[in-house]
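Trainee: Protein chains in written order, with the working numbering: chain A, 1 to 468; chain B, 1 to 468.
Treat the hints as calculated values from the structure; they're not laboratory data. Computed from a predicted model, the values in this text were never measured in an experiment. Among these hints, one or two may not hold up.
Stated by the list, open to error - Each computed PhoX-like pair below joins lysine-lysine, with the alpha-carbon atoms no more than 25 Å apart:
id : chain 1 : residue 1 : chain 2 : residue 2
1  : A       : K319      : A       : K21
2  : A       : K220      : A       : K21
3  : B       : K319      : B       : K23
4  : B       : K21       : A       : K119
5  : B       : K21       : A       : K56
6  : A       : K21       : B       : K23
7  : B       : K97       : A       : K97
8  : B       : K56       : A       : K21
9  : A       : K319      : B       : K21
10 : A       : K23       : B       : K294
11 : A       : K294      : A       : K366
12 : A       : K319      : A       : K294
13 : A       : K56       : B       : K319
14 : B       : K21       : B       : K319
15 : B       : K23       : A       : K119
16 : A       : K56       : A       : K319
17 : A       : K97       : A       : K56
18 : B       : K294      : B       : K220
19 : B       : K294      : B       : K200
20 : B       : K200      : B       : K21
21 : A       : K56       : B       : K23
22 : B       : K200      : B       : K220
23 : B       : K97       : B       : K119
24 : A       : K200      : A       : K220
25 : A       : K23       : B       : K23
26 : A       : K23       : A       : K97
27 : B       : K56       : B       : K119
Unchecked claim - Negatives, chain A to chain B, calculated, CB over 10 Å:
id : residue
28 : R61
29 : S85
30 : P102
31 : L131
32 : S305
33 : T312
34 : S313
35 : T368
36 : T382
37 : S402
Glycine included, C-beta positions come from ideal geometry on N, C-alpha and C.
Below are the chains, spelled out letter by letter.
2 protein chains.
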Amino acid sequence: MAVLTPQQEDFPRWYQDVLTKAKLAENGPARGTMVIRPTGYAIWERMQAEVDARIKAAGARNAYFPLLIPMNFFEREAEHVEGFSPELAVVTHGGGKELTEPLAIRPTSEAVIGEYMAKWVDSYRDLPLLLNQWSNVVRWELRPRIFLRTTEFLWQEGHTAHATEADARQYARHILRDVYQEFMHNVLAMPVIVGRKTAKERFAGAENTMTCEAIMRDGKALQMGTSHELGQRFSRAFNINYSSADGATELCWTTSWGASTRMLGGLIMCHGDDFGLVLPPALAPVQVVVVVVKDADGAVTRAASGLVEQLTSRGVRVKLDDNVAAAFGWRATDWDLQGVPIRVELGPRDLADNAAVIYRRDTCDKSTAAIDTVADGVLRLTGRIQQDMFDAATARRDAAISDCATLDAARDAAQAGVARVSWELLGTDGEQDLATSGLTVRCLQRSDGSLPETDHDAGTLAYVARAY
Amino acid sequence: MAVLTPQQEDFPRWYQDVLTKAKLAENGPARGTMVIRPTGYAIWERMQAEVDARIKAAGARNAYFPLLIPMNFFEREAEHVEGFSPELAVVTHGGGKELTEPLAIRPTSEAVIGEYMAKWVDSYRDLPLLLNQWSNVVRWELRPRIFLRTTEFLWQEGHTAHATEADARQYARHILRDVYQEFMHNVLAMPVIVGRKTAKERFAGAENTMTCEAIMRDGKALQMGTSHELGQRFSRAFNINYSSADGATELCWTTSWGASTRMLGGLIMCHGDDFGLVLPPALAPVQVVVVVVKDADGAVTRAASGLVEQLTSRGVRVKLDDNVAAAFGWRATDWDLQGVPIRVELGPRDLADNAAVIYRRDTCDKSTAAIDTVADGVLRLTGRIQQDMFDAATARRDAAISDCATLDAARDAAQAGVARVSWELLGTDGEQDLATSGLTVRCLQRSDGSLPETDHDAGTLAYVARAY
């Protein structure tokens, strides 16, 4: 029962098929917008909960700033407005009248939050000021694709102000490593490449943009989250000053960082296979489905319900599928499509043998277990699948990376995967050359995996790929 | 240390003082918008968590629909567009170009969700379709006031489709009673009056609007949440059809229902006093603060930390205030302002007596307890404060209500409180007459507290008041 276009045949169509058939999302009525359906939104809610807990552990507090930003706010930081103005949606009418000053729908909130930071920060005792916001933003998209590039998307955006450059730098890295990378590794089971963006790829208004880049199953890269050092640019534009311990007036150092519903696209394309979505257990809204294969007298359903109860009481997110009116094969295909990590199958013959079948979605392997060992087995298996999915994704990523010694070799290798090449060799000229072939430098990294401190550190490696 | 304008002196200024001094929220840069600061947003997050759990228990699933709605969608239901078009914010430019069709920023999402319900509902097996969305909406406000009337606000909006009128009716009431009223009573400690809106006050496009109305400390009413029966109007406008069990094509019956950040304003004005916010324990982000009064050698702080640990391990949301560098009086005033329900105060003399002072914010009563009984005492007290706050608010509400036998008596009584008057006596003419005095019929209720089935049930009582 081939419900999806195979990945090898047409990867973009496979992606679209998964979105549609697993009922994750579809296009909205206005160009580039999307509707996130309940099945997709449940995954986003799990991402939100996990990221939010990490952001709070990093000391930031949630707040909410307005959707509509006066154009003059937006124009105060020159690079920022230059980068974002081609993407703005603009409100010109409100309450039946033309507005005296048009309002931009936020594409990001540095400008409005800068204004309030300036009000709220008085002395060094108010620093660091650590804020986060969960919201929608709008950026006009010419080539929209659901979750990956949409005119409206959902995200969190963190905004912080610090007394010193060192403190801002340290915090931006803390978010990058201990919030984003840690979440992506341990919850999404995605081995992201963490690096520094080149000047060309930097956030408009940042002095340094750092990124988590994931490699999809078709060898393309996807930016999953970014953390920016904004230096004193926004502090200067919005007068975010503080008085130091010795009474001097100083400008703050600010950061911003964000991760969005784009991660849903990354999750699908990093782990998904020809049967559909494959969800890591730490993320999955439903970790285990207990399926009643057939039932004549209710005995199988009673046993299955007992398993559901046992698993629930042990903290597993579990669902019962007792819809025996539908064919088992059809239901199994659908649970595969939804990517539920573990399926426990129970039929009359299994019950007679006091056994159940345990199926893991990531490898499609089946095994048989005695019914009273199912709960223990499932709990062990969730941890194993999580690790195995991370390892498999790492192996795929590493297989996609080619070390290249020349610009030509890098250009060839990046057609179907990721080229790793000396940044000294490549340079901004090489980067410009690759752009004509649709290739970008995803990030720069030192050979030991650490982050370069400047745009041109010696011995830095560039990761070159096609990107979503 | 009078930090706030007394309520008796100037209630609106008291409200504004609480918002500012407790750092809950302030005005945004664009007219009518607001910034919700971390302290205010933490309360909203607690409201969201509690309401969301109840909505999920009622079987609805969260989803997300676009912010931007093409004007033609919006215009399909005549009453709906008539009611909302004076309040719309309109995007005319995107990506640097004028749009061929302007886009409305959603003031509510019936129109866009109707379009997708029509796609997703095929047969009676797909019903009921129960959706909910947490989002921002924009309605141009001429007389904005933070939390109460803002151009942009945050809310949840539920949207459901049903096979029969009876099912839609039952579900709209289930949300009203078992989600909204139950949450407002048991979490917010607010005794809302549940009733039916008159035709004049009905949601634009609804056949019946039901409401939860709360009475503020100044005697004015505030609409806290509404649930609408939309009949078949939106089904007709958007072709939300289903095929019944016997193959006939039928129109669905739809409902919608919402509660917003406006509840924050209601919470402040229902419970707050001249010292600031008063939060019910079931809602409070911080339920207990353990305050170190003074400390010479660290012994008091150690004992206070021990209490914090004990309370945390028993599931209490607790915070330590060991900021002994600041005067105790100043800190106590600030915790009062923030409305933290219980304060445990510990100083060197208390410690020498092996005792602590327990202070409850709602009554400002203090008592002394042996240190090793503090945790048990605090746990008992959270339940008692919750009940006492509900009872006190009920007593205030009931004292504000006057039974009136004539239109003139109702007009007088509603200047400073709530008039309860026969709806047969009042009628739509009386309602119109009261409107000229700035008074509205908040809702209609049968004398036994149940909901009228029609606009003119016999024996119905009208609640008349000034309203926010």
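Trainee: It remains to establish, for every hint, whether it holds in the given structure.
Mentor: Here's how the hints hold up against the structure:
1. For the hint linking K319 of chain A to K21 of chain A, the alpha-carbon distance of about 20 Å falls within 25 Å, and the restraint holds.
2. Of the supplied pair hints, the one linking K220 of chain A and K21 of chain A holds, its CA atoms being roughly 23 Å apart against a limit of 25 Å.
3. With a CA separation close to 18 Å, the supplied pair K319 of chain B and K23 of chain B stays within the 25 Å bound.
4. Using a Cα cut-off of 25 Å, the hinted pair K21 of chain B and K119 of chain A holds, with the two alpha carbons roughly 14 Å apart.
5. A distance of roughly 24 Å separates the Cα atoms of K21 of chain B and K56 of chain A; the hinted pair therefore holds under the 25 Å criterion.
6. At roughly 47 Å between alpha-carbon atoms, K21 of chain A and K23 of chain B are farther apart than 25 Å, so this suggested pair is violated.
7. For the proposed pair K97 of chain B and K97 of chain A, the alpha carbon gap of about 20 Å is at most 25 Å, so the pair holds.
8. Our distance criterion of 25 Å between C-alpha atoms is met by K56 of chain B and K21 of chain A, whose separation comes to about 24 Å.
9. At roughly 47 Å between alpha-carbon atoms, K319 of chain A and K21 of chain B are farther apart than 25 Å, so this suggested pair is violated.
10. A C-alpha spacing of about 59 Å is found between K23 of chain A and K294 of chain B, which places the hinted pair above 25 Å, so the restraint is violated.
11. Pair hint K294 of chain A plus K366 of chain A holds up; C-alpha atoms about 18 Å apart against a cutoff of 25 Å.
12. Note on K319 of chain A and K294 of chain A: the hinted pairing holds, with a Cα-Cα distance of about 17 Å set against a maximum of 25 Å.
13. This hinted pair checks out: K56 of chain A and K319 of chain B have alpha carbons roughly 15 Å apart, not beyond 25 Å.
14. A C-alpha spacing of about 20 Å is found between K21 of chain B and K319 of chain B, which places the hinted pair at or below 25 Å, so the restraint holds.
15. The suggested pairing of K23 of chain B with K119 of chain A holds, with an alpha-carbon distance near 12 Å, which does not exceed 25 Å.
16. Of the supplied pair hints, the one linking K56 of chain A and K319 of chain A is violated, its CA atoms being roughly 30 Å apart against a limit of 25 Å.
17. Distance hint between K97 of chain A and K56 of chain A is unfulfilled; the C-alpha atoms sit about 42 Å from each other, more than 25 Å.
18. A C-alpha spacing of about 43 Å is found between K294 of chain B and K220 of chain B, which places the hinted pair above 25 Å, so the restraint is violated.
19. Under the criterion of a C-alpha separation no larger than 25 Å, the hint pairing K294 of chain B with K200 of chain B is inconsistent with the structure, at around 59 Å.
20. With a C-alpha separation of about 38 Å, the suggested pairing of K200 of chain B with K21 of chain B is violated against the 25 Å cut-off.
21. At most 25 Å may separate the alpha-carbon atoms for a hinted pair to count; K56 of chain A and K23 of chain B meet this at roughly 19 Å.
22. For a cut-off of 25 Å, the pair hint linking K200 of chain B to K220 of chain B stands: about 19 Å separates their Cα positions.
23. Taken as a hint, the K97 of chain B and K119 of chain B pair is broken in the structure, with Cα atoms around 31 Å apart against an allowance of 25 Å.
24. Among the hinted pairs, K200 of chain A with K220 of chain A is consistent with the structure: their alpha-carbon atoms are about 19 Å apart, no more than 25 Å.
25. Among the hinted pairs, K23 of chain A with K23 of chain B is inconsistent with the structure: their alpha-carbon atoms are about 42 Å apart, more than 25 Å.
26. For the hint linking K23 of chain A to K97 of chain A, the alpha-carbon distance of about 40 Å lies beyond 25 Å, and the restraint is violated.
27. The hinted pair formed by K56 of chain B and K119 of chain B meets the criterion: a straight-line CA distance of about 23 Å does not exceed 25 Å.
28. Not every CB of chain B is more than 10 Å from the CB of R61 of chain A (nearest about 4 Å), against its label as outside the interface.
29. At roughly 7 Å from the closest C-beta of chain B, the C-beta of S85 of chain A falls inside 10 Å, breaking its exclusion from the interface.
30. Residue placement check: P102 of chain A does not keep its beta carbon more than 10 Å from all beta carbons of chain B (closest about 8 Å).
31. Listed as outside the interface, L131 of chain A is inconsistent with that label: its C-beta sits roughly 7 Å from the nearest C-beta of chain B, within the 10 Å cut-off.
32. For S305 of chain A, the requirement that its beta carbon stay farther than 10 Å from each beta carbon of chain B is met, with the minimum near 19 Å.
33. Every CB of chain B lies more than 10 Å from the CB of T312 of chain A, the least distance being 15 Å, so the non-interface label holds.
34. At roughly 18 Å, the least C-beta separation between S313 of chain A and chain B is larger than 10 Å, which holds for a residue marked as non-interface.
35. Consistency note on T368 of chain A: stated as away from chain B, and its beta-carbon is indeed over 10 Å from all of that chain's, at 34 Å minimum.
36. With a minimum CB-CB distance of about 23 Å to chain B, T382 of chain A clears the 10 Å threshold, and the non-interface call stands.
37. With a closest Cβ-Cβ approach of about 37 Å to chain B, S402 of chain A is found to remain outside the 10 Å limit, as its non-interface label requires.
Hint compliance for this structure: hints 6, 9, 10, 16, 17, 18, 19, 20, 23, 25, 26, 28, 29, 30, 31 are not met, and every other hint is.
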